[in-house]
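**Student:** Protein chains in written order, with this note's numbering: chain A, 18 to 358; chain B, 18 to 358; chain C, 18 to 358; chain D, 18 to 358; chain E, 18 to 358; chain F, 18 to 358.
The hints are simulated quantities; they were obtained by calculation from the structure and are not laboratory data. Given the structure is predicted, the values throughout are model-derived calculations rather than measurements. Keep in mind that a hint or two might mislead.
One copy or two, either will do: identical chains are not told apart, so a pair holds if it fits within one copy or between any two.
[Unchecked claim] DSS-like mimics (lysine-lysine), calculated; alpha carbons at most 25 Å apart, straight line:
(1) K180 <-> K278
(2) K279 <-> K228
(3) K49 <-> K228
(4) K51 <-> K65
(5) K228 <-> K180
(6) K96 <-> K65
(7) K267 <-> K180
(8) K228 <-> K267
(9) K312 <-> K267
(10) K230 <-> K312
(11) K267 <-> K254
Listed here are the chains, written in short residue letters.
Number of protein chains: 6
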Amino acid sequence: MIIDCHAHVCAAPELYQWKSVLMSARGAHGFKPKTFSNDYVRDHPDTKRNLRIMDSVGTDVQFLSPRPFQLMHAERPEKLVEAWAIANHEYIAQQVAAFPTRFQGVCGLPQAVGQPITFGFPELERCVNNLGFIGTLIDTDPGEGDNSTPTLGDEYWYPLWEKMVELDIPGLIHSTGCKNGRESYSQHFISEESLAVLSLINSRVMQDFPKLKIIVAHGGGSVPYQIGRWQADYVLKAGGTVDEFNERLKLLYFDTCLHAKKSLEMLIGIAGSENVLFGTENPGSGSAANPETGKAFDDIKPLLDSIGTLSDGDRRNIFEDNARRLFPRLSISRSQDAAHG
Amino acid sequence: MIIDCHAHVCAAPELYQWKSVLMSARGAHGFKPKTFSNDYVRDHPDTKRNLRIMDSVGTDVQFLSPRPFQLMHAERPEKLVEAWAIANHEYIAQQVAAFPTRFQGVCGLPQAVGQPITFGFPELERCVNNLGFIGTLIDTDPGEGDNSTPTLGDEYWYPLWEKMVELDIPGLIHSTGCKNGRESYSQHFISEESLAVLSLINSRVMQDFPKLKIIVAHGGGSVPYQIGRWQADYVLKAGGTVDEFNERLKLLYFDTCLHAKKSLEMLIGIAGSENVLFGTENPGSGSAANPETGKAFDDIKPLLDSIGTLSDGDRRNIFEDNARRLFPRLSISRSQDAAHG
Amino acid sequence: MIIDCHAHVCAAPELYQWKSVLMSARGAHGFKPKTFSNDYVRDHPDTKRNLRIMDSVGTDVQFLSPRPFQLMHAERPEKLVEAWAIANHEYIAQQVAAFPTRFQGVCGLPQAVGQPITFGFPELERCVNNLGFIGTLIDTDPGEGDNSTPTLGDEYWYPLWEKMVELDIPGLIHSTGCKNGRESYSQHFISEESLAVLSLINSRVMQDFPKLKIIVAHGGGSVPYQIGRWQADYVLKAGGTVDEFNERLKLLYFDTCLHAKKSLEMLIGIAGSENVLFGTENPGSGSAANPETGKAFDDIKPLLDSIGTLSDGDRRNIFEDNARRLFPRLSISRSQDAAHG
Amino acid sequence: MIIDCHAHVCAAPELYQWKSVLMSARGAHGFKPKTFSNDYVRDHPDTKRNLRIMDSVGTDVQFLSPRPFQLMHAERPEKLVEAWAIANHEYIAQQVAAFPTRFQGVCGLPQAVGQPITFGFPELERCVNNLGFIGTLIDTDPGEGDNSTPTLGDEYWYPLWEKMVELDIPGLIHSTGCKNGRESYSQHFISEESLAVLSLINSRVMQDFPKLKIIVAHGGGSVPYQIGRWQADYVLKAGGTVDEFNERLKLLYFDTCLHAKKSLEMLIGIAGSENVLFGTENPGSGSAANPETGKAFDDIKPLLDSIGTLSDGDRRNIFEDNARRLFPRLSISRSQDAAHG
Amino acid sequence: MIIDCHAHVCAAPELYQWKSVLMSARGAHGFKPKTFSNDYVRDHPDTKRNLRIMDSVGTDVQFLSPRPFQLMHAERPEKLVEAWAIANHEYIAQQVAAFPTRFQGVCGLPQAVGQPITFGFPELERCVNNLGFIGTLIDTDPGEGDNSTPTLGDEYWYPLWEKMVELDIPGLIHSTGCKNGRESYSQHFISEESLAVLSLINSRVMQDFPKLKIIVAHGGGSVPYQIGRWQADYVLKAGGTVDEFNERLKLLYFDTCLHAKKSLEMLIGIAGSENVLFGTENPGSGSAANPETGKAFDDIKPLLDSIGTLSDGDRRNIFEDNARRLFPRLSISRSQDAAHG
Amino acid sequence: MIIDCHAHVCAAPELYQWKSVLMSARGAHGFKPKTFSNDYVRDHPDTKRNLRIMDSVGTDVQFLSPRPFQLMHAERPEKLVEAWAIANHEYIAQQVAAFPTRFQGVCGLPQAVGQPITFGFPELERCVNNLGFIGTLIDTDPGEGDNSTPTLGDEYWYPLWEKMVELDIPGLIHSTGCKNGRESYSQHFISEESLAVLSLINSRVMQDFPKLKIIVAHGGGSVPYQIGRWQADYVLKAGGTVDEFNERLKLLYFDTCLHAKKSLEMLIGIAGSENVLFGTENPGSGSAANPETGKAFDDIKPLLDSIGTLSDGDRRNIFEDNARRLFPRLSISRSQDAAHG
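Go ahead and model the full structure; you've got the sequences and the hints to work with.
**Tutor:** Structure representation (structure tokens):
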């Protein structure tokens, strides 16, 4: 079974039309989320298109979360942030209910910049306990480039780590928008993911929360490529050893949302197949033709298939087993796989 | 001949003691740079130590610039910035004069945040025309993390491109300090270099200035590893092609300041040996023991030596010829090489 | 012929979906406006619905402008503002082209806060000269409640007055969003319109631009109700007379977008039928059932019909003649009226 | 008996001279209020002039509060705010003591922007308990246009509502100065009063504090004229009914400080005579000649007298009975009326 | 003849009452200065009181300027600043006209923080050319403690130096209010005067404008007492000599507004009698009983009389001749002195 | 014995080199202070030079604190502030240990702007309890000119007064750097010391903490020279008497760090010899030749020697006894004096 742990909802234009009104009205119309009928969601062309793409690339299951760059965590009033997350989660839950063997829900934790991280817990708990969601996004920078939020090593985040352990859900590190005027949101993803990895390695978080499960999107930002730099840094500035650095790195997980074979090789070489999860963000920013493969950049499976050094076990880890291990709330059994195929 | 195009001055503590006074006095003691006698600089243990390290790793020539993380471009009043640059340049010029076959000077362009880029031109011209310097550092973010400076594609930078072409000097992209409270200066280097590469590829700068020579430090930040992402982005968002992206990437140069063999392989694979220059920042942040080689992380030559796929021509490109091509003001002839060896 | 001079485009959800992407990407996807085929726009259910509403309330012609509260004039980068305006104008132009006897276009002048008012002139001229638009919105507060923009009496606005006179188009005073955290956008409309009327009466604008034509939306905010206050103010603080105040008031025009009969009576009593234009913003914020009439609040014609003191001439003024006088670029002839009826 | 519930103290120039020193010294001279002898206050020409005006327009009793636009709630340090309020209250108390059948005191609640609303409670209690004052002003925007203070529906204000109920005093909504650079203080009054009415209708305040008595100055800002707009809004955005809106409006009181007959008719038509109190702010901003009546704009009694539809009971409500009902601490008995007449 | 070069207007309370309205209205009532009849000013008790005090302490002539701490240079809009200055100047001009042998006018240059220094030139020229004023105040810190204005050595001030030389008037260095929350305005005077002296000594101003005449109020702040510190500083940091420092100090003038004999001795010892002018600020902040003399602190003449080391020439310099030399526009001849005595 | 209570550490350049790295790295290298061997500190030329200067001017004992202008209290993150203080204290403790009869340690209280004053208590207690330090510096303005810190009369400082009384140590008022762009750090010292004296006289601090011992550096700023001004102020504005002012002044102590004989005379005349302590800051800002004495400005003993009016008792007070009284933790006995002489 091919499980794509990093996918985002393909929702109807009307959901975004409502968002546009929500943001322009700043709450003047209230915060009641736009709702759709179950049939509407199930039969919507955008839902259908997503399923067709999944079929065409061989993905059995997608973990759906809200589109991160749309999450507008820095907007005010903060109830906007929550309302938009709720509307997304409702829509995702309807897609999951309509196609329970193809989709699972992942929460877009409402993170309003300047608020304590607990701000989003009611909605997170609702997603997990009521809607059956199995994980959550974590935005390392809800200020969208304003440098106001502490990095992941800070105690600011500890209530989230506790809550995740309590709910037994993993988190996907994935920043959202960027309004700093210099980085595009997509460039900001990479900077933030690099910073996330280094913050976790250079702090006590993973030691304080040994059951915490963190997946870093987009292959860990720049860290695998720059690894020697951070190993040296860890020795020279933190007084540790390279082995210690490597052990700490192994406490983290990474997705395969990289669009080049050599990058995937580098990632798996460094993190090990037991720490890498198949994730593609397809359809999304990578949906352009890759001349290397003749397919879309975000059709990542062929790239992985072409890596000769991977064993069958490695592939099972990456495509299914790691996801099953990290997401214990996943409700699609192995046998169901055959069913829809 | 082994030319290290990315090295920073090893100066006497007294130079930094003066900096400490300069910053604390904020100009109350005037801005006249601290000076040292030629003998003092030549015979100083820190100069000697640097030469010993060069000898031990086989470097014939270092291009010396000020230590970037010390450049404090965001401090006020802006004359502080200039004064500190001048003091560094004087010291470097004295080291070059003392060891003219081992050192060449590279300017630390004084960039005071909020000022036009022309602010530093008098000192840049003095360095090139009077002190015989052969290149310059370029700080993409003189605000040290404040997001106030436009990215390299902006017209803000055009006077610099003109001046560099006029002086026929290349620039080494290398940010300086970081005060945003989230990234360390070293993490900020990587973010800024990634942004620099993408800004140049996604703008008209290299087309408008075909003679412009830009070297991106630390192997181009995250770009080689994330290359598929940016290729897809270029196609999907800018409406270009992957070939076009690759051609534009080939207009840029990169140094080898990466501390892992696979990263170097990836860089050379993507940029080509004719676009990669040997650069180590040794001694510096990488001067810790690398268990991969048994040597220091910043002893990069053994890593390059171990890459079997490189031809002799590739190595000559990387170790010497690219530097000679990009730095026409380099005053050490090939034959001189033998002399000190 | 019933001409509604204050109506906003009923566009496809996909237009707002694109806006949502535009705002989240902050230009990372470029600024090329989303386009639709002519057939799509002509046949879209939202276009049809608008026509049905027009027919049901007896409106022959609507002057369509972008929805003001969606205009996000305070967002950055400022090219977002322009891009969104262009996309709206293209859509409106397609609706006008599809139904040339029912719709006319009105520009949503792109006003980026902090920019000179000339920022939006290229798009304004394109709207008038290329798309055949006949008027423009004027946002008195592009900062959306940040108090940074001078009031209409200030020289900041003079280039706009010149441009409007040159193009011979009137402007509809209508603020947009509000992010000050206290007023809803709709409450802000009223405050801004009041301020607009008083700024124009208390400055030399109408004297300096005798050909300038300004229509104040929503019946002039609070001014007709508070008129004694401002008359006294004009005498006591500006040293004028009540007659002078009244003459100056008569240089301005008002729409009928008020949802109560007595308010309309008050407005027409003060401004005179020759200074009031039929405008309803229907469908829009007033589309709720009014128990006074049994119809929607924004079905304003019955309210006007019920005012016994209005003569036929008054009604012709309000419903058609004033609009024809103020909008000389209006391309629907009187005889065409019959055609679609 | 004619009771004017909205009047401001006519104080000696020396009181304002002291204010000027207080503001310039920012507390360097201490905060001890300027005091005057009882004789001085009683016999001062400005006191006498006020009594003459009252006699000339037929006002028996004025409720005197500090001049709102002088209250400088946004100045620092906050003790300035309190000191100036105290000085005013002392002066008012002396006028009341001198003319106990003509004047009653109303507190100018010291509201220092950024402080909790409890900041002014000691002085409010002193006014009511020690000085015999019978009501208080409420400034909805102590930031004088800085948008920092929550609207009246917010919990920020709840301690005030409790205190007012405890003391059994009504509050007159009346903002003070305005430094936002766009609105004059007088224009700001109208905006703030509109916002106050809508905040109270759209929140739970009046339900949570059924004994709370709120009078909105200047006839409720723009609300009566724009009432259809807010009724539609209440239905469309808050999901209520027009009847509910009207019931909520009836929980509020309004003064007659409007300078036009038709506006007064509109106000009484909407609010009902049992919710309107005679209030004139005379002498004040309206003391200019009204050509409609040949009298001053703020001589409002003739305007009311000319409204033919008012019954004797309506007039008694407006001129006296509503005031007696809302201000139970009022110490002038009906019979005293005859005395001074 | 005893000339007091540092005195401030004793104006009617009504002038400050008007100021209080001006500041509260922020221009909403216009900016036309309050005016008074000549008789009113001449016969006002505050004018009379000032003349009585002058007579009682033996002062023949006062140079009257606005009260500096009242000048509110940091308030907005900037027309407030000008309007208040004009109103003061009119009042002073009326006092001078009424008592031409006792008073001379000194301008309170309108300095609106953030504006170029030329902002106040129209009023300065009006004062000198139309009203016959003979000097001007200079506020070194119109931001009232906000640190935004450059010190006197900066080119910001050069237009003022040119204008003063052109008009041949001296300037009295005297800061105004202070809103920084730490210093009282009076403490700020001393800090600013110290800074003024040091800025002028450490810059080229006095060399660039050899005809410039600067009088520093309150005996030069802290400089005479701390003189050794600044002499050492001048040698160590500016590379000058003590003699040079002393010569530069001698280019400046000081008033005697010090309330202790030893301080006056120190000042005259350092500056020399030819650089010190009698100035008392009486009546003002020093009008409290000095137990040293049994008189008011600001009755400074007895303190000077008690300094035994002063010659008759010294005294003539201080009391009259220096003033005559520095203020060539002074219109009271020596012989007039006898007249009023 | 001659005790110099105001001296700053003469440290090795390497200490400042480390500071330069610390500030540039902003904590990226950790905060572990640079350490030196005891021999290195004892034998360092800068230590030797200081001892030679002490011998040459006859100083037996110096109380060594960090150089204030280097303390960078406004830098971020605040751990920088603490780390730098610790490094200084370690160095000072090594100098004291090496020369226990010549040096005593004084803490540079780590004061991070915006933090409560308790921030530095752990290091203060370590200094006193572990390192044997005998007093502390107090920076009245850790914001380095940003006006954000309350003056000494405010309750912000009360925990410090309690801690000082508990530890029985005196505090030396001495501000640090200044970044306000107007005052040099040295000019800021004088402003801050003036403000400190006046804050303490005008508040209840010395009454609330009768055992508190405060020494004001640099002879009390401007206060002795301007004393009449503040006496008048105390009478006129605070309602006190001159005697009371004088008594309050006598609760404070002052050092002799003034570089002119007359200033020293003035200080001792006002404060009395029992309230003045010998302090020179030598070597430091005053180390330039004073033509008055032919010696350095900061060689203050000859100036004191030349004051004929001082008795032997006065001199003993100033040179030794006051220091012994105020610093009970001083561990150098009187008899030791002879030993090293």
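**Student:** Each hint: holds or not?
**Tutor:** Taking the hints in turn, this is what the structure says about them:
no., hint, verdict
1, K180 <-> K278, "neither (36 Å within a copy, 40 Å between copies)"
2, K279 <-> K228, "neither (31 Å within a copy, 32 Å between copies)"
3, K49 <-> K228, "neither (36 Å within a copy, 31 Å between copies)"
4, K51 <-> K65, "both (21 Å within a copy, 23 Å between copies)"
5, K228 <-> K180, "within (11 Å within a copy, 44 Å between copies)"
6, K96 <-> K65, "neither (31 Å within a copy, 34 Å between copies)"
7, K267 <-> K180, "within (22 Å within a copy, 48 Å between copies)"
8, K228 <-> K267, "within (13 Å within a copy, 45 Å between copies)"
9, K312 <-> K267, "between (32 Å within a copy, 24 Å between copies)"
10, K230 <-> K312, "neither (32 Å within a copy, 35 Å between copies)"
11, K267 <-> K254, "within (20 Å within a copy, 35 Å between copies)"
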